[in-house]
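2 protein chains.
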Amino acid sequence: MKRDTVEVGIIGLGTVGKGTVKVLLGNRDILRERIGFDMNLRKIADLDIIKDRGIELPHGILTTNAEEILHDPDIDIVVELIGGIHPAKEYVLTAVRNGKHVVTANKALLAVEGTEIFGEAEREGVEIGFEASVGGGIPIIKILREGLVANRILNIYGIINGTSNYILSRMTEEGIEFTDALKEAQRLGYAEADPTFDIEGIDSAHKLTILASLAYNIPFAYSEVYKEGISKITPQDIEFALELGYKIKLLAIAKAGNSAVELRVHPTMVPKDNLISKVESVFNAIYVEGDAVGEALFYGKGAGDMPTGSAIVSDIVDIARNIRRNSGRRAPVLKTQSSPLRIKGMEEVVCMYYFRFSAMDSPGVLSKIAGILGDNNISIASVIQKGRRVGGAVPLVVLTHMAKERNVMEAIKSIDTLPIVAEKTHFIRVEGKGE
Amino acid sequence: MKRDTVEVGIIGLGTVGKGTVKVLLGNRDILRERIGFDMNLRKIADLDIIKDRGIELPHGILTTNAEEILHDPDIDIVVELIGGIHPAKEYVLTAVRNGKHVVTANKALLAVEGTEIFGEAEREGVEIGFEASVGGGIPIIKILREGLVANRILNIYGIINGTSNYILSRMTEEGIEFTDALKEAQRLGYAEADPTFDIEGIDSAHKLTILASLAYNIPFAYSEVYKEGISKITPQDIEFALELGYKIKLLAIAKAGNSAVELRVHPTMVPKDNLISKVESVFNAIYVEGDAVGEALFYGKGAGDMPTGSAIVSDIVDIARNIRRNSGRRAPVLKTQSSPLRIKGMEEVVCMYYFRFSAMDSPGVLSKIAGILGDNNISIASVIQKGRRVGGAVPLVVLTHMAKERNVMEAIKSIDTLPIVAEKTHFIRVEGKGE
Chain A
2 MKRDTVEVGI
12 IGLGTVGKGT
22 VKVLLGNRDI
32 LRERIGFDMN
42 LRKIADLDII
52 KDRGIELPHG
62 ILTTNAEEIL
72 HDPDIDIVVE
82 LIGGIHPAKE
92 YVLTAVRNGK
102 HVVTANKALL
112 AVEGTEIFGE
122 AEREGVEIGF
132 EASVGGGIPI
142 IKILREGLVA
152 NRILNIYGII
162 NGTSNYILSR
172 MTEEGIEFTD
182 ALKEAQRLGY
192 AEADPTFDIE
202 GIDSAHKLTI
212 LASLAYNIPF
222 AYSEVYKEGI
232 SKITPQDIEF
242 ALELGYKIKL
252 LAIAKAGNSA
262 VELRVHPTMV
272 PKDNLISKVE
282 SVFNAIYVEG
292 DAVGEALFYG
302 KGAGDMPTGS
312 AIVSDIVDIA
322 RNIRRNSGRR
332 APVLKTQSSP
342 LRIKGMEEVV
352 CMYYFRFSAM
362 DSPGVLSKIA
372 GILGDNNISI
382 ASVIQKGRRV
392 GGAVPLVVLT
402 HMAKERNVME
412 AIKSIDTLPI
422 VAEKTHFIRV
432 EGKGE
Chain B
2 MKRDTVEVGI
12 IGLGTVGKGT
22 VKVLLGNRDI
32 LRERIGFDMN
42 LRKIADLDII
52 KDRGIELPHG
62 ILTTNAEEIL
72 HDPDIDIVVE
82 LIGGIHPAKE
92 YVLTAVRNGK
102 HVVTANKALL
112 AVEGTEIFGE
122 AEREGVEIGF
132 EASVGGGIPI
142 IKILREGLVA
152 NRILNIYGII
162 NGTSNYILSR
172 MTEEGIEFTD
182 ALKEAQRLGY
192 AEADPTFDIE
202 GIDSAHKLTI
212 LASLAYNIPF
222 AYSEVYKEGI
232 SKITPQDIEF
242 ALELGYKIKL
252 LAIAKAGNSA
262 VELRVHPTMV
272 PKDNLISKVE
282 SVFNAIYVEG
292 DAVGEALFYG
302 KGAGDMPTGS
312 AIVSDIVDIA
322 RNIRRNSGRR
332 APVLKTQSSP
342 LRIKGMEEVV
352 CMYYFRFSAM
362 DSPGVLSKIA
372 GILGDNNISI
382 ASVIQKGRRV
392 GGAVPLVVLT
402 HMAKERNVME
412 AIKSIDTLPI
422 VAEKTHFIRV
432 EGKGE
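Chains A and B are the protein sequences, given in the same order. Under the numbering used here, the residues of the first sequence are numbered 2 to 436, in order. Under the numbering used here, the residues of the second sequence are numbered 2 to 436, in order.
Calculated from the structure, these hints are not laboratory results. Computed from a predicted model, the values in this text were never measured in an experiment. Don't take each hint at face value.
Where chains are identical, the list cannot tell them apart; a pair therefore holds if satisfied intra-copy or between any two copies.
[Claimed, not checked] Distance condition first, Cα-Cα at most 25 angstroms in a straight line; then the derived SDA-like pairs of lysine to any residue:
#, residue 1, residue 2
1, K256, E34
2, K273, E240
3, K228, E406
4, K273, R29
5, K273, G433
6, K256, E296
7, K23, E296
8, K387, R326
9, K273, Q237
10, K256, V366
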């Protein structure tokens, strides 16, 4: 039976919920014109239904009880926007088991529980839309899954955490310390009171997990993603990087070889002429290299009520079109069991490295350090040594050729025990041809 | 009846045809894994089936007779890759009338004959895939039609002709003349022997026509797109633009107001810090501003066998998925009859302008020119006057505030008749906040 409308219920009326409602109601005319039928916002559940959110809602659609949405037989699509693992997971699974399609922006939930959730959706024959889980308004899920479907994905480099990018941009522009940039971001609402997820690479790793599952058909492997945040980056490192022709960005990186894929999130030096180096402030960008398409980059707002609402509503439209045509899933649910690709351990990763040694300004220091690097198969591409201070510690900056992470860790361990070294060595991984 | 495969026929084995075949056959394993069934390349028609194209084809699939594909009852999807209007149009219409879905990269055909072709497809209940018609490997059609479906599209600024962008990039990097950069592009295979379509904005206008139909639901209006090419751009203008903080790019621009939309292709000065100014060489990029998503930019290779093959195969996959699910069109065929938006005449356009006057170096010149500008309601934002040459002509560069094209044309007409003006005035339109 074809109904006249597709019925939507939203759980969670926070920032993203509000944006979704604004897009769905505010652009109802253009949506109807484009898709040929109406999508009706039937119910919204939130713990607080009193607060004035500055949006006008149809009378009587608010409820404090999510169950009213999960068990409403007339609702076709449940939009989960409460975030976190519990009770989001229970809500999503209940909706799925009640035969409802689900749209979610919840990257943590999918990264950690995705295999179970997509498995259940497969069994129940419903769809899970998750465009808003990565890259905010950038339709990167659709791009990877459909637009670039014909490609073997070779590399993904993503700036997919706006908070970190804002902080690094400000540190670069103003030469300020991490803690000051963080405070500024918090004041402007770009960072939360507890910023851990954003600044320690956890949020980026959640999103990378999702991108990698799409790109490489591998199970959701959040726990195997290497994570390193930006809190140890100093203005001094940013300045040395610029001098060497690089910017420092928090990148989420996926790289595929024949039998293994690397998944890692860490501060990365990127040649400053690369387009991704020019992504500033809270913007996101995902660079994708496919065997057919070559290099491509997709840029936009990674967060915010309206951009995320744009992504949520695009998922609702996709599912609604399928419902209206009784066509079932068009792009199959993620099937991630069959891949022969294993996930590389971090110690196997090979890249270039930037080292900032804190060395005593005495003869033979460079030769000692270079010796240890050489012993560990690490060859030096360039050296910056400046700010001679008699008897004190001075920074010695070294850029390497390609080296193996395991060897690098070994070398640093040895170097940090040298009496001529005053502080623990700082290092930053380097991607892209900088020469 | 569900068959095991979806059968594909390709007409035209040129560069794009070859890329399509390479992607379809070379990535068959990954495509099967992703979509769950096989797509079989059944026949390829080309006038020359002798030439060695360096690709290995299944035995016996080549034919010189396109009719063999158009009338093969087992072929589900016809891929038209011969380009031009005739006989491409007849092939496409025959395929459609025989109940076949069509995939095409033919922007000229769609821009000029799109309304008829999509009308016929609608009547016959088949799909037309045209991802490869704009932006090569960038999935901009899918992005606009599905990813950003929830947005009112406010502005589109596209670098969608790689040849022109290459020429302008080289002129900017090397300070060389247009004709030298064009020759270089021809030598490298980036420009054709007859480069008219690319350098005079015709190709960009074809593509803009398609983007505008998608974004604004308006009929294909190629003849109403304003077109101006890059052949009159000089190294001197590029240098003055840089001095003022701008780069010169050939932009395809669509801007929507409440009742009208502007569609124009012309050399444009863009603030050099804008991301789109950093798109160099043969790369394409499309900047889109939507009311929900805000600013977004999509970047990649706009041409070439493999990137375009990537787009063609993504269309084949989309259609094949629908065939397998007997679901009919998921995203409806373009319906472009109902729009209340009219297309603005160029004379109504309002933007900023760069003028380079060739003025005699005598007292009162600036006041005379400024007077005429003022009489035409054009106010001056900044002036560069240099290179004093006694008695001779010197360049006088003026950047305006927002002004109306009609007034600008009137002013130039008056100024060019002044005895103190030695040459016809050069002007370039300016977009984006440069201050």
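Exercise. When no copy is named, should K228 and E406 be tagged within, between, both, or neither for a Cα gap of at most 25 angstroms?
Worked result: Within one copy only: 14 angstroms inside a chain, 54 angstroms across chains, cut-off 25 angstroms.
Problem set entry | Copy assignment of K273 with R29, given that the CA separation must stay at most 25 angstroms | neither (42 angstroms within a copy, 37 angstroms between copies)
Problem set entry | Same-copy or cross-copy closeness of K273 to E240 [CA-CA at most 25 angstroms] | both (12 angstroms within a copy, 23 angstroms between copies)
Exercise. From the Cα coordinates, with 25 angstroms as the cut-off, is the pair K256 and V366 best called within, between, both, or neither?
Worked result: neither (36 angstroms within a copy, 62 angstroms between copies)
Problem set entry | Status of E34 relative to K256 across identical chains (alpha carbons, at most 25 angstroms) | Answer is between; shortest inter-copy Cα gap is 19 angstroms, intra-copy 41 angstroms.
For this session: Tell me, please, which holds for K273 and G433 at an alpha-carbon limit of 25 angstroms: within, between, both or neither?
Result: So K273 and G433 pass the 25 angstroms test inside a copy (10 angstroms) and across (24 angstroms) alike.
For this session: Using 25 angstroms as the alpha carbon limit, work out where K387 and R326 are close: within a copy, between copies, both or neither.
Result: Neither: 69 angstroms inside a chain and 67 angstroms across chains, both beyond 25 angstroms.
For this session: Can you give me the call for K256 and E296, within, between, both or neither, at a CA distance of at most 25 angstroms?
Result: within (14 angstroms within a copy, 28 angstroms between copies)
Exercise. How do K273 and Q237 come out at 25 angstroms by Cα distance, when the copy is not named: within, between, both, or neither?
Worked result: within (17 angstroms within a copy, 28 angstroms between copies)
Exercise. Taking 25 angstroms as the upper bound on the Cα-Cα distance, should K23 and E296 be classified as within, between, both, or neither?
Worked result: Result: close only across copies, 18 angstroms inter versus 35 angstroms intra.
Consistency with the previously given hints fails for numbers 4, 8 and 10, ordered from lowest to highest.
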